[in-house]
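Novice: So you can see what is in the structure, the chains are spelled out below.
There are 2 protein chains.
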Amino acid sequence: MNRMTGMIEQRTIEPEQFSEYIGGTIKVHGSIYKIRKMSGFAFVLLRTKREVIQCIYGEEFSKFSLNEIGEEYSVVITANVVKEERSKTGVELQMVDIEVLSKPVAESPIVINNKRVDTSIDNLLNYRPITLRNEKERAIFKIQEGLCQAFREYLSNQKFTEVRTPKIVYAGAEGGANIFQLNYFGKEAYLAQSPQFYKQMMVGVYERVFEIAPVFRAEKHDTSRHLNEYTSVDFEMGYIQNFEDIMQMETAMIQYAMEHLKEIYHYELNLLKVKLPEVEGIPTIRFMEAKELVAKEYKREIKDYDDFEPEEEKLLCEVIKKKTGSEFVFVTHYPTRKRPFYAMEDTEDREVTLSFDLLFRGLEITTGGQRIHDYEMQVAKMKERGMTVELFESYLMMHKYGMPPHGGLGMGLERFTSRLLEQENVRLATLFPRDVNRVTP
Amino acid sequence: MNRMTGMIEQRTIEPEQFSEYIGGTIKVHGSIYKIRKMSGFAFVLLRTKREVIQCIYGEEFSKFSLNEIGEEYSVVITANVVKEERSKTGVELQMVDIEVLSKPVAESPIVINNKRVDTSIDNLLNYRPITLRNEKERAIFKIQEGLCQAFREYLSNQKFTEVRTPKIVYAGAEGGANIFQLNYFGKEAYLAQSPQFYKQMMVGVYERVFEIAPVFRAEKHDTSRHLNEYTSVDFEMGYIQNFEDIMQMETAMIQYAMEHLKEIYHYELNLLKVKLPEVEGIPTIRFMEAKELVAKEYKREIKDYDDFEPEEEKLLCEVIKKKTGSEFVFVTHYPTRKRPFYAMEDTEDREVTLSFDLLFRGLEITTGGQRIHDYEMQVAKMKERGMTVELFESYLMMHKYGMPPHGGLGMGLERFTSRLLEQENVRLATLFPRDVNRVTP
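Protein chains in written order, with my numbering: chain F, 54 to 494; chain X, 54 to 494.
If a hint is listed, it holds; no wrong ones were tucked in.
Identical chains share a label here; the pair holds if one copy fits it or two copies do between them.
Computed cross-link-like contacts, BS3-like style, restricted to lysine-lysine with a CA-CA straight-line distance of at most 25 Å:
hint : residue 1 : residue 2
1    : 102       : 212
2    : 352       : 367
3    : 315       : 212
4    : 212       : 87
5    : 80        : 212
6    : 212       : 141
7    : 212       : 326
8    : 436       : 156
9    : 212       : 189
10   : 156       : 434
11   : 356       : 391
12   : 391       : 434
13   : 156       : 189
14   : 326       : 367
15   : 87        : 168
16   : 80        : 102
Hints in this document: simulated from the structure, not taken from any laboratory.
Generate the whole structure from the sequences, applying the supplied hints.
Specialist: Have a look at this one:
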């Protein structure tokens with residue numbers, strides 16, 4: 054019987070190995086990204102797993118015709134490796150021979166191999182399977198990968214356990230109308246708006262837990278900041294002394310992520326010319342003070358005492374940056390009536406909660422806070438709000454049988470990515486965005 | 054303005070630090086797991102993030118009454134650290150004082166602090182928020198965490214890019230009736246049965262991609278191996294020479310995972326007495342040969358020439374183990390009519406596909422294979438099957454504009470976990486399982 058041993062033969066050479074082969078001949082594979090014909094020779098750009106590398110076609114050393122290849126062909130190239138100081142890889146690849154593995158049957162209707170894909174956002178998204186092949190487009194999602202890697206690494210180092218909670222649920226954590234309903238074998242069920250209930254339950258099990266997974270919001274808002282499916286970076290931690298513990302943890306997690314990107318993702322940071330923010334210290338300001346600060350600085354009238362208008366979030370970030378240099382700001386003590394039923398109230402002022410949002414470059418990217426851990430307190434608050442306590446029996450089980458003081462947060466991964474890259478629209482930081490009008494590709 | 058610096062104060066001592074404090078007094082926190090009263094003293098087991106540690110209550114050194122504490126209380130303990138060779142942590146913690154942070158309001162209706170939770174599977178799952186607090190129950194999901202960590206680490210080392218593809222989709226990859234339908238703002242949409250279409254698209258972008266995320270199957274089967282929501286470990290790789298490349302990659306990934314568990318998760322492996330399988334070489338056998346082998350060895354008649362019956366999977370694993378020593382087996386060349394429309398057929402025999410399943414300890418845990426990358430071939434096969442090609446326009450975009458030869462697989466994380474731990478039911482390897490009858494907690 055034949056056996057799989059796990060030995061994977063390396064048949065072609067990777068870009069970081071090129072310099073070991075100077076003076077020799079190697080095979081490299083990839084998709085032909087762009088052919089730039091000059092007189093008597095051509096530059097052939099090859100898209101590999103991460104880098105786009107430059108090869109030279111020249112009549113004196115190439116044993117094939119340039120007509121045999123075209124853009125988006127999948128090929129294996131045989132090339133001479135010549136030392137070349139001016140190249141990023143330190144070498145020049147002279148194409149000797151070519152093997153074509155597959156060819157497109159049509160030319161892309163959208164030019165994808167210029168510096169940027171120059172088209173409308175609708176086209177960019179409609180043709181996602183090919184527009185993502187653009188080197189800058191795909192770099193965005195390498196950076197997003199790096200953020201997730203860093204968050205996981207940091208939280209694991211801090212002894213958080215990674216959990217996987219269900220996305221088909223019996224009740225919404227946020228309540229309200231913005232929940233997708235599902236026919237679940239004749240029963241009513243919903244798509245999870247957040248892993249809130251489950252991550253709290255898991256605090257009773259592991260004390261510290263995190264999850265990076267999709268959440269679903271049936272919001273009809275069609276704005277540059279809303280997605281109907283997005284990735285939520287959630288953590289929840291027990292034995293907190295106060296809700297500042299959560300903000301400290303998030304600050305440290307973001308600090309770690311920025312260092313991780315610098316270390317592992319400099320190729321993409323350079324390509325996209327990303328300016329990473331300083332995260333040495335993130336200022337905090339109480340919600341009402343923030344409202345008043347913006348009103349005063351920008352001579353605006355406060356219309357909504359419960360929440361920020363999007364314009365106010367932008368202005369708040371602007372004035373905080375001016376006063377403190379920070380591009381992040383924690384806004385704390387949101388009004389109780391605007392926060393969910395599980396939010397812990399401030400014992401000194403029950404009108405406000407021990408909660409926070411994190412704003413970054415004009416946009417709210419995180420919501421968090423301390424939760425109620427006491428059973429009686431939780432049941433009383435649910436009754437106050439007119440909720441049917443019986444429906445939440447399995448949620449309340451943890452409170453009933455003992456829970457430590459705890460809290461946590463949820464961060465929108467696409468929002469964070471898009472502000473990090475200073476994109477206009479959160480869809481640009483989503484591989485295949487879902488909005489009110491879009492469910493394809 | 055106050056600032057969050059990311060500095061997280063350590064207020065209590067973690068178990069691995071205990072030995073540094075011998076002769077001193079420390080604070081530790083956790084939930085009281087069990088109190089065992091003896092004459093004149095008591096053992097108090099404290100559940101911390103990962104370990105259950107033993108503390109001693111003794112009238113000569115404890116400055117509080119044993120009546121002040123109870124099971125599932127959240128506490129901070131002040132303790133003298135005394136050297137004790139017989140203890141796992143190398144020390145004995147003598148409880149001096151206690152601070153109670155919170156208390157349950159009722160006693161758990163199910164005993165959770167024995168070696169095993171001794172109750173029906175229904176009770177175990179109905180009371181999940183508390184039954185998971187049992188030390189063996191929670192160890193299961195630490196091991197599952199370890200598997201995911203290892204898979205991600207291994208695939209990242211192999212230059213796979215982690216992607217996040219949508220779970221609300223416009224068409225099912227597997228087709229058929231077992232798909233959940235959703236009202237998406239008046240449009241028809243579905244819950245993804247697999248990231249198949251998207252991971253293939255992303256091969257055109259990064260060459261190698263992976264995703265570990267939930268998938269949804271509206272199957273009405275209520276068996277010990279079916280879940281309606283499960284975690285799929287998916288990878289997809291371009292520039293393969295043949296479909297063996299995929300099996301080699303999976304073999305290496307599993308080898309890496311077993312080593313990772315040994316290295317990082319020995320606490321849980323010991324607790325659950327897990328026997329890790331050998332993965333030095335995984336035998337392969339063609340589907341028809343496997344059918345015939347089982348028929349011959351066990352004197353059975355072949356009834357279904359298209360697929361295995363569950364009993365046959367068990368018997369096949371049994372005979373393969375007897376003949377080769379391996380607890381894994383790759384079954385290859387499944388019949389074309391039972392594989393999806395994107396499966397690559399064997400050019401030597403179009404009745405079979407270049408596909409495989411991986412069976413482990415009697416259960417299919419992975420399905421994979423080479424995919425069709427040629428546009429004309431894919432369209433022809435869809436037409437043969439009577440599919441409406443126009444509905445798959447965005448899927449076929451990648452084939453049209455150029456795709457390398459590629460393939461990949463999807464592994465059921467809960468199935469793998471449950472076979473690794475030799476559990477009877479895949480629900481036992483799921484935090485909050487979803488089946489035909491269960492959508493809570």
